[in-house]
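Engineer: The residues making up each chain are set out below.
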Amino acid sequence: MAIECEDQELLEGFLTETTELLEKLDDDLVALEKTPSDTDLMNGIFRSIHTVKGASSFLGFELLVKVTHKTEDVLNRLRRGELVVTPEIMDVILEAVDLVKLLVSDIKGGDIIDREIDDTIAKLLPFLSENAKEATVLKPASSEVSAAVPTPEPPSAEPAAQAAPETPPVQASAPVKASEATPQVKNAPAPPKDADKKVDDLSDNSTVRVDVKRLDDLMNQVGELVLERNRMMQLNTDYQGHGENTNGGAVFGEEFSKLSKRISFVTSELQMQVLKMRMIPVEKVFKKFPRIVRNMARDLGKEVDLVILGEETELDRSVVDEIGDPLIHLIRNAMDHGLETPDERTATGKTRKGTLVLSAAHEGNQIVISIKDNGRGIDPDRIARKAREKGLITDEQLAAMGQREILDLIFLPGFSTKEKATDLSGRGVGMDVVRTNIKKLNGIIDIKSELGQGSEFILKLPLTLAIIQSLLVEVEEETYSIPLAAVLETLRVEEREFHTIGGQEVLKLRDSVLPLMRLQKVFNVQPSERSRIACYVVIVGVAEKRVGLVVSRLLGQQEVAIKSLGKYLANLPGIAGSTILGDGRVTLIIDPAGLLESSDGGGRIAA
Amino acid sequence: METALQPKMEESRSELIQLVSFKLDQEEYGVNVLKVREIIRMPSITRVPNTPNYIEGVINLRGKVIPIISMRMRFGLPDGETTSQTRIMVMDMEGELMGFVVDAVSEVIRISESEIQPPPAVVNSAVEQECLSGVINQTERLLFFLDLEKLISREERQMFSGVM
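These protein sequences, in sequence, are chains V and W.
Following our numbering, the residues of the first sequence are numbered contiguously, the last one being 607.
Following our numbering, the residues of the second sequence are numbered contiguously, the last one being 164.
Hints in this document: simulated from the structure, not taken from any laboratory.
Accuracy of the hints is not assured; some may be wrong.
Taking lysine-lysine and the PhoX-like style, the derived pairs with C-alpha atoms no more than 20 Å apart in a straight line are [as the list claims (entries may be wrong)]: (1) W/K35 - V/K567; (2) V/K372 - V/K288; (3) V/K448 - V/K34; (4) W/K64 - V/K567; (5) V/K353 - V/K258; (6) V/K440 - V/K353; (7) W/K150 - V/K567; (8) W/K64 - V/K563; (9) V/K567 - V/K448; (10) W/K64 - W/K150; (11) V/K440 - V/K34.
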């Protein structure tokens, strides 16, 4: 059924507002579960759902009205203290909110599908019956039940007497409905899961809301730029006029150098400003997590405190859209593998409740996101054993691995320490997803883990994908650019320090062995006549891997705008794109992830 | 190619088309002027590693990075030296700009479509055969009419964006 809505603008407004309200609702509901006495929060939630209901009834979305109406009723009873917040009630309310999201996303998609909403409504109904308090397991309030029943009813004795016999059937029918509903849910195309997917679509807007102040700043800067342009034109006119004047050249030179400084200043400010417009707080992704963590904790029978830090940290939209999935997998991992059950925790002398810290912060030109738990940590021996059992690595490979390399094994596709796959984990896909997504973003993953103390996954991501800081290097006579985000360190070494293990050149670096890749060979660069004794090794990190790129010279650091090579040259292995340097030459940007991949494919780095 | 051209010829047998003629080794070729965006001298070309030998590299065309293809290499001709006559023809290839290095660009000529004869069955290289859409035989010159969009065949495009 297509949506008939005369006022498209009205509909769009409704969708934007509803989406925002719903996003916040999830968060608020989880918060409410923790602090049920917070009346402000309670009222806020009630208002949100009420607004959604009002707007949808105005626009005539019947299904939406039905669901929101019942949800609102339950919330209203909670608000008036006729019900007390319990995990069971929250489960049902959250399911209802999921359904609302699903319905909204249908509307957004332009088609109203006649979805089955009765199941969810049936689950809400028991909490609406007068004796709901009995239905929900409540210890302290049980004595008030009898008092609570007549309260909503008119004081007249006669109707009350009539109401009394009516009440039991309602009470009786509600549980029946609920029990009928449960098996149906399992057979029907489980709505909550479907909803999860749809919810992600909801957040994918192609419009950006920009702070008016930022827009004003931008306008001012453009104004400045225009001034400088005028100044430049004036300078040009003056110079043309006084060309013969002997003094002209010197004055012009001085003025011109001032002008270029100012223009460079204004343009970089302008660039920052435009970049900022594309930035959104990481909160947009983070706010999904309290809900996810809550549900998982309940499913797994674990107790956990989720601490979120630095949610105001801003990063580029394109990056925000991509980090959601890997973060979910990492959180799942921490919940499932990292944190112990409350009993296990008390047995080892820890607090019953585990802690999961999700934090984001800026670090130079990168954003660092960390997921840290105080669970059991990762056991390298167990990882190594599992990887060998699954045939992912050989004994020889294992023998050559350091602690770090062993931890990195968890990123291998197909790796899992679980004997049996569960709903949550165990198929060996999750960490591979993390790796793939982070690699796509030119990010780095670091793992810190201490057995018995917990583990931490650190993601380092570039702030934006359009303009990058890069390290210019020379390979024989050719210049290449390496994204600085991937560069960990650079070393000046002599070639005789290189070792060869099984045909692979390596460099001993402190306590680890670093595989090397000669860009001259990978890119088939004509070797130059000049022989060098010393060369440079640029150590790059791709997701969890490290490799040393051997180059002839380092030229310096530069901020470059990425230009595509066009569709004919797209997807060259090891090349991410190109950029134009100050002198107008084109320089290729190295894609460290692609380089590593192409070398993986061949088993060895082509020597 | 023959079939693609025929309906057009029947519709407007005497319609004039303009060709940009260029030299490559000993022969003269022509391409439809509407496909040619501009003709530039050889700038500095950045080599792109791990590409077929006929990809000379990429250049900066006023802020746009475009690939450059050597026509000599593509046609399997011996590598020629870059002279003061060497030019890059920047062509519009289905929305993407691409540069083709030729020995020299001579002139723009007008011919009526009826002058274009179907290509002969045998041409020295298969690649040339592929994109040759006709021959113009005038008294003092022989011109090969090329459709360069066929030069980079579908498979090769996939190769660039896939396996390569």
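Engineer: With reference to the structure, classify each hint as holding or not holding.
Structural biologist: Verification of the hints:
1. W/K35 - V/K567: Between W/K35 and V/K567 the Cα gap is close to 18 Å, so the pair holds against 20 Å.
2. V/K372 - V/K288: Judged against 20 Å, a Cα distance of about 17 Å means the pair holds.
3. V/K448 - V/K34: violated (30 Å)
4. W/K64 - V/K567: Cα-Cα ~13 Å, so holds.
5. V/K353 - V/K258: violated (62 Å)
6. V/K440 - V/K353: Answer violated: V/K440 to V/K353 is near 35 Å, above 20 Å.
7. W/K150 - V/K567: holds (16 Å)
8. W/K64 - V/K563: holds (8 Å)
9. V/K567 - V/K448: violated (40 Å)
10. W/K64 - W/K150: With Cα atoms ~23 Å apart, W/K64 and W/K150 exceed 20 Å; violated.
11. V/K440 - V/K34: violated (37 Å)
Violated hints, listed in ascending order, are 3, 5, 6, 9, 10, 11; each of the other numbered hints is respected by the structure.
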